[in-house]
Amino acid sequence: MRKDSNAIVFNFQLEYVNKQPVLYIINAAERIKVNNIVVTKDDSVIIQMPVFESQFRAKLLNKTKLEGVWIKGGPKKNQIMPFFAVANDGKRFPVTAPANKNISGKWSVNFGAKANPAIAIFQQKGTQLSGSIVTPTGDYRYLSGVVNGDTLLLSTFDGGHAFSFSANINSNKTISNGKFYSGATSSETFTAIKNDTATLPDLAAMQVKDGEGKLNFSFKGLDGKFVSITDERFKNKVVIVQLMGSWCPNCMDETAYLTEFYNKNKQRGIEVIALAYELTDNFERSKISVQKFKDRFNVQYPILVTGVTVSDEKRTEKTLPQLTPIKVFPSTIILDKQGKVRTIDTGFFGPGTGEYFENFKKEFNKVVDGLVKE
Numbered sequence: 009m010r011k012d013s014n015a016i017v018f019n020f021q022l023e024y025v026n027k028q029p030v031l032y033i034i035n036a037a038e039r040i041k042v043n044n045i046v047v048t049k050d051d052s053v054i055i056q057m058p059v060f061e062s063q064f065r066a067k068l069l070n071k072t073k074l075e076g077v078w079i080k081g082g083p084k085k086n087q088i089m090p091f092f093a094v095a096n097d098g099k100r101f102p103v104t105a106p107a108n109k110n111i112s113g114k115w116s117v118n119f120g121a122k123a124n125p126a127i128a129i130f131q132q133k134g135t136q137l138s139g140s141i142v143t144p145t146g147d148y149r150y151l152s153g154v155v156n157g158d159t160l161l162l163s164t165f166d167g168g169h170a171f172s173f174s175a176n177i178n179s180n181k182t183i184s185n186g187k188f189y190s191g192a193t194s195s196e197t198f199t200a201i202k203n204d205t206a207t208l209p210d211l212a213a214m215q216v217k218d219g220e221g222k223l224n225f226s227f228k229g230l231d232g233k234f235v236s237i238t239d240e241r242f243k244n245k246v247v248i249v250q251l252m253g254s255w256c257p258n259c260m261d262e263t264a265y266l267t268e269f270y271n272k273n274k275q276r277g278i279e280v281i282a283l284a285y286e287l288t289d290n291f292e293r294s295k296i297s298v299q300k301f302k303d304r305f306n307v308q309y310p311i312l313v314t315g316v317t318v319s320d321e322k323r324t325e326k327t328l329p330q331l332t333p334i335k336v337f338p339s340t341i342i343l344d345k346q347g348k349v350r351t352i353d354t355g356f357f358g359p360g361t362g363e364y365f366e367n368f369k370k371e372f373n374k375v376v377d378g379l380v381k382e
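Numbering of the sequence shown is given in this note's numbering, commencing with residue 9 and proceeding in unit increments.
A portion of the hints provided could be inaccurate.
Stated by the list, open to error - Taking lysine to any residue and the SDA-like style, the derived pairs with C-alpha atoms no more than 20 angstroms apart in a straight line are:
1. 295 with 323
2. 67 with 48
3. 67 with 82
4. 122 with 235
5. 27 with 86
6. 187 with 235
7. 302 with 58
8. 73 with 22
9. 73 with 96
10. 222 with 205
11. 374 with 335
12. 114 with 99
13. 73 with 94
14. 369 with 210
15. 243 with 210
16. 80 with 45
17. 114 with 221
18. 133 with 277
19. 300 with 208
20. 274 with 114
21. 99 with 72
22. 80 with 97
23. 228 with 287
24. 335 with 208
25. 370 with 208
26. 27 with 71
27. 345 with 277
28. 348 with 221
29. 348 with 235
30. 245 with 380
31. 348 with 239
32. 99 with 39
If you're looking for bench data, these hints aren't it; they were derived computationally from the structure.
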């Protein structure tokens with residue numbers, strides 16, 4: 009529940025495995041497994057999310073309700089929101105009327121007074137609605153909700169994102185009076201127009217500064233030992249450098265993809281190395297968050313802690329001075345066998361985006377395959 013009394017609604021399913029509670033947070037096709045759950049004798053419940061500095065602390069009331077708070081870690085102070093859950097209520101949003109319109113397809117979306125552009129991809133079956141929203145820097149992951157009469161209602165929660173959307177559907181081609189709520193306090197208006205050929209503006213890409221086109225970095229791994237891009241492990245190989253953070257939901261999707269890709273392709277002379285820009289410059293706190301992230305996806309490639317925060321205005325100069333400013337997380341840099349930067353991609357479109365994710369995979373594989381053959 010937000011400070012303005014607007015609720016961000018999501019569903020979870022509770023199961024017991026070997027007498028231990030396991031939650032599955034449900035967002036459309038996504039099911040996030042949560043098995044770090046502690047229930048004390050006084051019916052206090054602590055639920056640690058598998059990724060992010062994110063947890064619930066609540067009281068179990070009459071075995072049918074949870075009341076407490078959601079706590080999300082921040083760089084200086086935590087974000088805290090009231091939280092409550094009711095058992096045996098699987099509806100995300102109430103449906104009181106049949107859907108008057110079908111809004112399946114692609115929509116051009118503008119957020120806020122500055123008309124920040126985005127694209128919504130919706131799939132509607134009856135009153136049930138799912139999809140995602142993509143921006144020039146990434147996506148809003150799996151959205152789930154309903155069309156109730158002429159009203160659109162969507163939400164998602166993954167431990168990092170806590171989003172809710174509502175809007176009026178004027179026709180099969182226009183959406184107005186949109187409200188987007190994010191976290192405890194942030195909100196924006198939005199409108200949308202049906203547009204099957206919608207495209208996003210290109211961001212000014214990161215580039216290598218004048219010079220030989222190589223990166224030079226060395227940072228601590230989670231074991232405290234330094235790893236350098238000049239180490240023997242990376243020589244004469246195609247290297248994918250992932251710029252990420254354990255606080256970043258889109259980084260979560262990219263890490264899941266890169267982990268699978270690396271496990272299938274490492275024998276071809278391909279390496280992946282991730283550089284983590286965290287909420288704090290405290291190595292021990294960052295290490296805990298990154299280790300949690302690494303364990304969640306069983307990451308087999310090294311993740312290094314840069315010791316530079318994501319909010320540091322000089323993060324590029326302090327970590328990768330060979331590049332123009334880092335603008336987006338995640339960003340992906342691909343090096344050829346000589347260690348030269350060949351491509352830089354900013355942002356990531358995850359599996360919730362359908363065709364955008366498929367197009368990314370095709371292009372990514374094409375680039376890497378070409379460099380392996382050189």
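Here is how each hint holds up against the structure:
1. 295 with 323: holds, 18 angstroms
2. 67 with 48: Cα-Cα ~10 angstroms, so holds.
3. 67 with 82: Measuring from Cα to Cα gives roughly 24 angstroms; hence the hint is violated.
4. 122 with 235: Distance of about 43 angstroms is beyond 20 angstroms: violated.
5. 27 with 86: Distance of about 32 angstroms is beyond 20 angstroms: violated.
6. 187 with 235: violated, 46 angstroms
7. 302 with 58: Roughly 10 angstroms separates the two Cα atoms, so the pair holds.
8. 73 with 22: holds, 13 angstroms
9. 73 with 96: Holds, at about 10 angstroms.
10. 222 with 205: violated, 38 angstroms
11. 374 with 335: Not OK: residue 374 and residue 335 at ~25 angstroms, beyond 20 angstroms, violated.
12. 114 with 99: violated, 26 angstroms
13. 73 with 94: Since the Cα atoms of residue 73 and residue 94 sit roughly 5 angstroms apart, the hinted pair holds (cutoff 20 angstroms).
14. 369 with 210: holds, 19 angstroms
15. 243 with 210: violated, 33 angstroms
16. 80 with 45: OK: residue 80 and residue 45 at ~16 angstroms, within 20 angstroms.
17. 114 with 221: Violated, at about 39 angstroms.
18. 133 with 277: Violated. Residue 133 to residue 277 sits at ~45 angstroms, over the 20 angstroms cutoff.
19. 300 with 208: violated, 33 angstroms
20. 274 with 114: violated, 37 angstroms
21. 99 with 72: holds, 16 angstroms
22. 80 with 97: violated, 25 angstroms
23. 228 with 287: Holds: residue 228 and residue 287 sit about 16 angstroms apart, inside 20 angstroms.
24. 335 with 208: holds, 17 angstroms
25. 370 with 208: holds, 19 angstroms
26. 27 with 71: Holds, because 16 angstroms separates the two Cα atoms, which is no more than 20 angstroms.
27. 345 with 277: Since the Cα atoms of residue 345 and residue 277 sit roughly 9 angstroms apart, the hinted pair holds (cutoff 20 angstroms).
28. 348 with 221: holds, 5 angstroms
29. 348 with 235: OK: residue 348 and residue 235 at ~18 angstroms, within 20 angstroms.
30. 245 with 380: OK: residue 245 and residue 380 at ~8 angstroms, within 20 angstroms.
31. 348 with 239: holds, 15 angstroms
32. 99 with 39: Roughly 16 angstroms between the alpha carbons, so the hint for residue 99 and residue 39 holds.
The structure fails to meet hints 3, 4, 5, 6, 10, 11, 12, 15, 17, 18, 19, 20, 22 from the earlier list, while all remaining hints are met.
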